[in-house]
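Peer 1: Chain by chain, the residues run as shown.
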Amino acid sequence: MSDAGSAVIASDRLHEPFGRYAVDGVRPSQVWAIHDAGELGAALAEASKGRRAVIPHGAGIHVALGNPPARYDIALDLAPFAGVIEYEPDDLTIAVRAGTPLAEVQSLLAERRLLLPLDPPGADRCTVGGMLATALTGPLRHGYGTARDWVIGMRVALADGTLAKSGGRVVKNVTGYDMHKLHIGALGTLGVIAEVTFKLAPLPRVERTLGIAAPTATAVCALAAAAQRGGLPLMAAEALAPPAANALAGLHGWALVLRVAGGPNAVERAVREVHGLADRSDATTAHDIDVATFDAGWRAAFRPDGLAVRISVRPSHVGRVLEAVDRRLAGHGAQVAATVSAGVVRVVAASADEATAPHLLATLRDVTAHAGATIVIDAAPRGAKAGIDVFGEPRQDWEIMRRLKDEFDPVRILAPGRYLGRL
Amino acid sequence: MTIGTLPHGTVTRSVVRELRRALGGERVIATPEELIAYEYDGTIERGKPQVVVFPENTEQVSAAVRIARGHDVPVVPRGAGTGLSGGAVAAIGGVVVALTRMKRIIEVDVVNQIAVVEPGVVNLDLSRAVAPHGLYYAPDPSSQRACTIGGNIAENAGGPHCLAYGATTNHVLGLELVLADGSIVAVGGRSREVPGYDLVGAVVGSEGTLAIVTKATVRLMRLPESTRTLLAIFDHIDDASESVSAIIAAGMLPSAIEMIDRQVIAAVEPVINAGFPLDAEAVLLIEVDGLEEATAEDAGAIEQLCTERGAREVRVAVDARDRERLWAGRKTSISALGRMYPNYYVLDGVVPRTKLVGVVRATYEIAARHGLAVANVFHAGDGNLHPNLLFDGRAPGATARVLAAGAEMMRACVEAGGTITGEHGVGLEKRDFLTWVYDQSDLAAMRKLKAAFGAGELYNPCKAFPTSRGCGELREGEIARAMAAAGGDAYV
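Taken in order, these protein sequences are the chains called W and U.
Numbering of the first sequence is given in the numbering used here, commencing with residue 263 and proceeding in unit increments.
Numbering of the second sequence is given in the numbering used here, commencing with residue 20 and proceeding in unit increments.
Next comes chain U alone, as it looks inside the complex (with noise of 0.2 angstroms):
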C-alpha cells in the first residue's frame, strides 16, 4: 500500500467472522444500534465503522490489525471516545480498534518513578493509582475523569498544568506498538537515554495514523508539599494578560494560568455561585505548588502583582475544598455553556502568550459577524485558547456559520504568529488547515515519516494531513442533521 491510497476493501460478513474468531464474539459488535455510540467522539465530525472490536492484549490488537490488512479496511484505534478533533471518528469506515479493555497498569516503579500502563487506563485513575507512594501523573487534560492515556498519547493531550510540566510527550519514556503489519515492537524504554532515533517522541502526538500503541511506560512526578490557587478577579482583559506577563517576568512558572472570559462567568455564576462578579471582565485561575515556603511566597508576590495591575479581588485558597471551589468555575465552564445554548463548539488555537488579548477581542469580533455567541477559557500562561461558539443547531444555516466562525478564529491565531491547534490534534477537522502552517516541503517530510512507519493509509485514514482524494467531507448538510438529531449536550 502506498501513501496517499486509500483502503479500498469493506468489513463484509466474512471479516466480521474472522474478527470473531480470531478475537471471540464478546470483543467484537458489528449491529448498527451498537455501533451508533462509535460514530463519534467530541466533535461534530461523524464516520459510522462497520465493526467494532475490543481486544485486551496486544496479540488480540496485532490479530485484528492482520485481519483488517489482509482485506484492506481501515484501523481506526480509539480510547474514550473524548477527542476534540475527530481524531477517532472513523473517516471513512472500517474496524475501530478500541482499546478501552486494556486497562492494566502493568507496573508502578515507586523509587524511579515509573509506570507501565496499558492504553485504556483512564488518565485519572493512573494518578489515584500512584497517590498513595506520593505520586502522580503530571499532564491532566479537562477530559481527564474520562480520557485515556493512549488517547492522551495519540493527541499529545496537554491541560492547564502543561505550563510548568509539560504535555504527554514529556512524560512518556517507552512505547509498545503494533505496526501496520501486525508486528509487535518496543520503541524507546525507561529513561530518555535509549540509543536512536526518538521514536517514541514520533509517535506521540501523531493521531493514530503511524502505530497503535499498546504500552507505555511513563514518568510520574512527585505530588507538591502544598498547592495554593487564586482567583484574581479583573475588570479588564488587559489587565488581566499584563499580570500573566509581570508573574512571568518575575521569574515564577506557577503550575497553571488560566483565564475566564465574561461569557463564562455569565455561564459559570448562576450554576455554582462561586463569586464571580458578573461585570468582570476576566478571572485569573492561578496554581503554585511546591514547598510550603515557595506557594506561599509565590501566592503573596502573586496577588500583590495582580493587585498592582488593576485587579478588582484576589482570593487565595489553600486548603483542597476552597481550591476545588475555586477550580469548580473552571472545570464546569463548558458544561455551564450547555446549558445556556442548545450546542456548543469548542476551538484549540495558540498564540504567542503576548498576543493572546489581541485574539481574543479578534473572536468576538468574528463571532458577532458571524451572529454567534463566543465564550473563552485558555490557559493565558502558554498562550493556549479555547474560544467556545456557542449556537442553536437546529437554526437554518447555524452550523455552516460556526464552521465559517471557527476557521477565521483560527486564521487569526496563525497570523498573530501561532497555529491551528494546541492539544487537541489537527484530525479531521482541521486538517485543511494545514496548509496555513506548513508548506509542501514540510508535509514532505511528515510523509517520509509516515511512510517509514509503513502504515500507509490503513491506521486511521484521512486525518491529521491536508484531505486526500476519496477522503470527500463532511458535509455541512450531514453535520447539521447529525446535530439537531442528537441534541443538546451531545458535543462535550
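Next up, chain W with everything else stripped away, as it sits in the complex (with noise of 0.2 angstroms):
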C-alpha cells in the first residue's frame, strides 16, 4: 500500500456527498475518490479501522441492485481508478482497472477486430467493475456465455485494505482457487475488484442480424429453439415483446433477432436456414435489421430503472412465461425481451412507482410461481423493496454464504445489508 490511510481523506479528494452517490435513497456522509489500488486498498483499511460501511461506486449505471443498505457511510468512487494496464491482441488478453468504461474497452479492441463478449445493459456507459459486480448479461449471453467465463484475472482489495489476486493473464488456469468467481456478482460484499484480467474473442468476419415477427410468444421461441438444434453460428437469439419489437426492431407482434456470425459462406448458409425456419413458421419473412440501433435500443431499453425485474426458468418455459407477463402486465407500459437459450426473461417497467410496483411485482411472482421460476429484482422503487429480499428468499446453500461472509467481511464494512439474506 503506497498511502497511508489519512492521505485517502485528503480534502483534495474527498468529494461532496451528491445524491448521485445514494443507494435506495441513503446517502454516504463522505465520497472518497479512488485512483490507484493502492489507495483502494488504504482506503478500506481506514474504513475497516472506524467500521464505517462502505459501497463501491463507479458509473452508477446499476446502483439499483441490490437490498437498501443496512448502513453507508462511505461511497468509494472508482470511476478515476480507470485504464488499460496490459493489452496482448496476440494472446487475446486485456487488463484494466475497475473503474474503465466498458464502451472505452471495446472500442480499443474493436481496433484490432476483437471483442469482450459482454454486453449488459446501459453497456455504453457501464465501469467493467460495476458490470462485474452486478453480473448483469445481455443478448450476446446466448452464444458467449457470462462474465465468469470470460475473467481469467482479478486483483480484489478484501475488507482489512489487502489486496488478492487469482488467476492471471493465461486462459487456461487451474492454479489456486478460483477466487475471482466469488466476487462476479457479489455486488462488493466480499471485496472490492480492483483489477480484472480478460480473454477476448476474435470479432467475427462476417455478421448479419435478423428480425422476424411472430403472432405469439411461444411462435417466436419455437424459431429460437429450432435455429439452436440447427445449430446455426448464433451471437445472440433475443426475443422480444411487442413493444420492444416495435422499438428496437420495427417489427409488429412478437420478434426474434438473431444475430448470425461467421465466415461468409457460413453467414449465407445461416441466413438461408434462418429464411426457411420463418417461411415453414406462421412467422412472417425474416429481414435484415441495423445491429447497431438494435443493441443500443436494448440497452436503453433493459437499464434497471422503475422496477426492473429478472425471471429465471428453464429455457423451454420462457415461451410461455413471456405471454403470460405480457397478458398481465399489458397497460403498464413494460418492456419484455428474454435470452431463450439462457431461460432469462426481463421486464422493466420504467415507469414504476411506489404505488403501482408492489402490484407489479405480485402479478409478475403470481404469473410465474407455476414455471418454477426464480425471480431477482434488478431495481425497484425504494418503498417497493421494503420488507422484502430483492434477491428471493435464502436457500439451504446460504449458510456456506454466510460463512463466506463472516471470513471476508467480519465487521461488516462491504456494503453490509445488500446481498442475498441481507448478507
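What the hints contain is simulated information worked out from the structure, not anything from laboratory work.
It cannot be assumed that every hint is accurate.
Said to hold, decoys possible - Okay, the calculated bits of chain W under chain U, using three or more residues with CB under 8 angstroms as the criterion:
id : region
1  : 460 to 472
2  : 528 to 536
3  : 644 to 658
The C-beta atom is built at its ideal place from N, Cα and C for all residues, glycine as well.
Two chains, two separate frames, one set of hints: put the complex together.
Peer 2: See below:
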C-alpha cells in the first residue's frame, strides 16, 4: 500500500456526498475518490478500522440492484481508477482497472477486430467493475456465456485493505482456488474488484442481424429453439415482446432477433436456414435489421430503472412465461425480452413507482409461480423494496454464503445488507 | 478443527468396523493387498490409505464422512485415479472415498441441454449416452475414456477442445455436495441465474479440499453438423507458432489447435504410421467444427495461412476415419513415448500463447542440462504446454534430475507470465511452487474460502496449498524406489 490512510481522505479527494452516490435513497456521509490500487487498499483499511460501511461506485448505472444498505457511510468512487494495464491482442487478453468504462475497452478492442463479448444493460456507460459486481448480461449471452466465462484474473481489495489476486493472464489456469468467481455478481460484499484480466474473442468476419415477427411468444421461442437445434452460428437470439419489437427492430407483434456470425459462406447458409425456418412457421419473412440500433435500443430499454425484474426459467418455459407476463402487464408500459437459450426473461417497467411497483411485482410472482422460476429484482422504487429480499428467499446453501461473508468481511463494512439474505 | 491443523486420528479396526456397519461390508476394503491399487494416481506421488470405501449413494458418502470426522481421520475423494497432480493420493493416509460406483446418469433434459449425473460417471460415457440426442459433453481430457466427471470437477479438467468451449468450470451449473460435517447441500442449479455467491465456481477446481461432489448438473452441447481436422507439417517450430497466431488474428477460433514436437513424432510414427515426416520440427493438429460451409471455408483459410507461413504439407480430413487417424498421433503420443523410455513424467504449464515457442525452447535447454530427453505435446491455441520428461527411473539420481528439471520448466512458465498448471491441478506435486505465483495475501484469501466451507484439513489434506507442517515431503528416495518397483508404464 502506497498511501497511508490519512492521505485517502485528504480534502482534495473528498467529494461532496452528492445525491448521485445515494443507494436506495441512503446518502453516504463521505465520498472517497480512488485513483489506484494502493489507495483502494488504504481506504478499506481505514474504513475497517472505523467500522464504516463502504459501497463501491462505478458509473452508477446498476446501483439500483441489491437490497437497501443496512449502513452506508462512504462511497468509494472508482471512476478515477481507470485505464488499461496491459493489452496483448495476440494473446487475446486485456487487463484493465475497475473504473474503466466498458465502452472504452470495446472501442480499443475493435481496432484489432477483437471483442469482450459482454453487453449488459447500460453497456455504453457502465464501468468494467460495475458490470462484474452486478454480473448483468445482455443478448450476447446466448453465444458467449456470462462474465464468469471471460474473467481469467482479478485483483481484489479485501475488507482489511490487503490486495489479493487470483488467476493470471493465461486463458487456462487451475492454479489455486478460482477466487474471482466469488466476486463476480457479489455487489462488492466480499471485496472490492480492483483490476481484472479478460480473455477476448475475435470479432466474426461477417455478421448479419435478422428480425422475424411472429404472432405469439411461443412461436418466437419455437423459432429460437429450431435455430439452435440447427446448429446455426448465433451470437445472439433474443425474443422481444411487441413494444420492444417495434422500438428495437421495427417489427409488429412478437419478434426474434438473430445475430448470425462467421465466415461468409457459413453466414449465407445460416441466413438461408433462418429464412426457411420463418417460411415454415407462421412468422413473417426474416429481414435484416441494423445491429447498432438494436443494441443501443436494447441497452437503454433494459437498463434497470423503475421496476426491473429478471425471471429465470427453463429455456423450454420461456415462451409461456413471456406470454403470461405480457398479458398480465398490458397497459403498464413494460418492456419485456428474453435470452431464450439462457432461460432469462427481463421485464422493465420504467415508469413504475412506489404505488404501482408492489402490485406489478405481485403479478409477476403470480405469473411465474407455476413455472419453477426464480425472480431477482434488478431495480425497484425504494418503498417497494421494504420487507422483501430482492434476490428472493435464501436457500439451503445460504449458510455457506454467510460464513463466506463472515470470513471476508467480519466487521461488515462491505456494502452491508445489500446481498442475498441481507449479507 | 482449525485450518492448518492436520487430522490426528488413525484408522483403527473400530473405524473400519463402523464403516462396514454403515455402508455394508462389500463397500469397504482394508487389506494391504486390496489397498495397493489405491496408493497412486497418474503421478509419481504415493500415499497409502488405510481403508477405501465405495459408497453407492449420497447418504453413504455422508455416513463415511461423519465416521471419519468422528475419529479425526483424513478423507480423500477419488474418481478413476487418472489425475496428474496427486489429487487422489492419500498424502497422510486415511479414508479414501472412491466414487466410482456412483455412476448413474440421473437425468438427461434434451430440450434444455442439461444432464444430471453422479460423480463416478466416466466422461466419455456421458457423451456417448447423449449422442443419440445430438448432444455431447464438451470438456474432453485425454483420459476421457477412464476419468470421471467428479474427478474432472475436482481438478477443473480441460482438454484439447477447451480452446473454443472452455474447461469443466464453464460447463457445470449445479452440484450436490457433502460437507465435512456430513451435511448434504445443493449449490447452483440448472442455470447461471441462481442468486447468491458462485459456490459452484468455488468448488470446481478445488481439488477435493472443500466438499465431496455427489451429483452434478452439467451443460450439454449440440454435436456439430460437420468437423474437419487438419494436419500441418512444419520444418520450423516458429512457423507453426506463427500460423497459430495468424489463424486467430484472422478471426477464426478453431475448436482445437494442438502441437506435437519432433521428439513426439519420432516416438509416434514408428508405432502408428501416421505419415509424420521424422525430420519435421513440429506438427499442428487443428480442428474446426460447425456448419458444413463453416468448416469448409475455415479449413481452406487455415490451410492457406499455414502454407503461407512455411508449412511443408497440410492434410485435411473430413470423414471420421481419416480424422481419427490424424488424432491418433496426438492421442497415442504419451503411450508411444512409454514404449521408448522406461519412465516418463508429464508436466503441465501455461504461458501467454505468444510466449510458447520461447518456453518450449527453454524446456529443451533445461532437459539437456539435466541429461534428460523431453518431448512436447501441447494445446497451442491456449498456451498450455505438456513437456514429457523421458528417463529410466532405475538409473541412480534420475528421479531427482527429473524433479529438478520439472521445477525449472515450471519456473520458466511463470517467468514468461504464465503459471504452473493449466488443467492438471496443484495437488501434491506443485503445492510448493504456488508461492511463485501467489503471495501470502493471495493465499490468505484462498484460506478464507476454505474456512467458509468448514472442512479444515479433513478433506484431502496437504493438497493445493504450500506444504504445511506435518505434511512432510515425499522424499526422492521413496519416489525412486516406488518407481523402480512399479516398472515401466506405471505413470500413464
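Peer 1: All hints are to be evaluated individually against the structure, with a verdict given for each.
Peer 2: For each hint, the structure was consulted:
Only residues whose beta carbon comes within less than 8 angstroms of a beta carbon in chain U count, and the region 460 to 472 of chain W has 5; three or more means the coverage holds. With 4 residues having a beta carbon nearer than 8 angstroms to a beta carbon of chain U, the region 528 to 536 of chain W meets the requirement of three or more and the stated coverage holds. With 5 residues bearing a CB less than 8 angstroms from a CB of chain U, the region 644 to 658 of chain W meets the requirement of three and the coverage assertion stands.
Against the hints set out earlier in the document, no violation occurs for any number.
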